[in-house]
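Participant: Sequence:
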Amino acid sequence: MSAVHLREGFDPAQREAVAALYHAAFSQKLRAALGAPDDAIEFLTAIIDPNFAIVAEVDGAPVGVAGYKTADGAFTGGKGAGKILVQHYGTFGALWRGALLSLLEREAVPGILLMDGLAVLPDMRGRGVGTLLLAAIDAKAKSLTCDAVRLDVVDINPRARALYEREGFVATERTGLGVFAWAFGFREVTTMMRPVTTQGWPSPTIDG
12 MSAVHLREGF
22 DPAQREAVAA
32 LYHAAFSQKL
42 RAALGAPDDA
52 IEFLTAIIDP
62 NFAIVAEVDG
72 APVGVAGYKT
82 ADGAFTGGKG
92 AGKILVQHYG
102 TFGALWRGAL
112 LSLLEREAVP
122 GILLMDGLAV
132 LPDMRGRGVG
142 TLLLAAIDAK
152 AKSLTCDAVR
162 LDVVDINPRA
172 RALYEREGFV
182 ATERTGLGVF
192 AWAFGFREVT
202 TMMRPVTTQG
212 WPSPTIDG
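Per our numbering, the very first residue in the sequence shown carries number 12; after that it's consecutive.
Just so you know, these hints were derived from the structure itself, not from any lab.
Please note that the accuracy of each hint is not assured.
Pairs of lysine-lysine, DSBU-like flavour, derived with a Cα cap of 30 Å [as the list claims (entries may be wrong)]:
| no. | residue 1 | residue 2 |
| --- | --- | --- |
| 1 | 90 | 40 |
| 2 | 90 | 153 |
| 3 | 94 | 151 |
| 4 | 151 | 90 |
| 5 | 151 | 40 |
| 6 | 94 | 40 |
The whole structure should be built from the sequences, with the hints applied where relevant.
Facilitator: Here it is as structure tokens:
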């Protein structure tokens, strides 16, 4: 396999590929709110913000992405997302879809870098791409003077949770979806935290 290269953001020509990669990882979670894959990917292509993403590439093609959220914006739910939701799904569609998506939203907290999704192509999983992206997120958190990184993982994704636990993330809270579990296909979200550290993580070079 060619070397994995990490970079901040992505080129305009990669926008749809990054959106499709993200959707492939979270299609079940997003299905109720965003609908059919083509509609969902078109919407995600419009809203994803390269200023809040780190992309893993192999031979120039995106194979993984780690999004994050701060008080200044987010990879998928930043400023303007509501307007784009209306443009893609209409006023009524945007109302109920936005209500569903709001159940998944988490507010950024000063001093904590909030991850906004970690996705790796299926045929690249198990090759260390996720670990490299988490290391890059750690480096980004340091640069933003954050003390910790936070992420959420759903109960139907034990493989992701196992990765996070291996990399030092600890569960701090569990939130049930109650009657909305049917809409998303999972029942519970676990919040995990890891202090920003200067040791024990890979140190990939990230191009800006």
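Participant: Output the indices of the hints that this structure fails to meet, ascending.
Facilitator: Nothing - there is no hint that the structure violates, so all of them hold.
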